[in-house]
Amino acid sequence: MSFQRVGLRLAQQHLRSPAFRPALRSAIQRRSANTASGVPSPPGQGATKLTGTADNAFNRERAAVKAHAAATSDADYVVVIPCLVLASINAWNLWNEHWEHWEHLPPLEERVEYPYQNLRTRNFFFGDGDKTLFWNEKVNYHRKDKQT
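Going by our numbering, the sequence shown opens with residue 447, and the numbers climb by one from there.
By construction, these hints were calculated from the structure, which means they are not laboratory data. Wrong hints could be hidden among the right ones.
Said to hold, decoys possible - FRET-style restraints, in silico, Cβ to Cβ:
(1) H550 x E583: 17 to 25 angstroms
(2) Y587 x A521: 46 to 54 angstroms
(3) N586 x I535: 25 to 33 angstroms
We treat Cβ as the ideally placed atom computed from N, Cα and C, and that holds for glycine.
Make the full structure from the sequences, and use the hints.
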């Protein structure tokens, strides 16, 4: 037998042993133990206090960060929702200004088509071969017959 197979077999036998079950049960019960509110409190907050080896600078700072995050998370909605509304209004106004400006431009057929626009070294494999995949008839125009 290989080393891995022997290790797996020993682990299975250990898990099945009656001595292991109470240890596993107590670990699960300890992990799911709740406080009076029904939710376990993080270290350094609520009912539990940091004592012994757990009372160190790292754990105290971690508990302070968690307490600060819990206290300031309600302000997110007060800040984010108005910012989203203002950004949406700004985008709407810019969109309307853009199309108002577009109305004052000459029609597509009368605009100058410069040599660097609509370069075609070969035809596209879709459609009529002249229009790109994202061609928009309202804003794109290409005169094949006339070069400037």
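Each hint, compared with the structure:
Take H550 and E583: their Cβ atoms lie about 20 angstroms apart, and the range 17 to 25 angstroms holds. In this structure the hint that Y587 and A521 lie 46 to 54 angstroms apart at CB holds, the actual value being about 50 angstroms. A beta carbon spacing of about 29 angstroms between N586 and I535 agrees with the range 25 to 33 angstroms that was offered as a hint.
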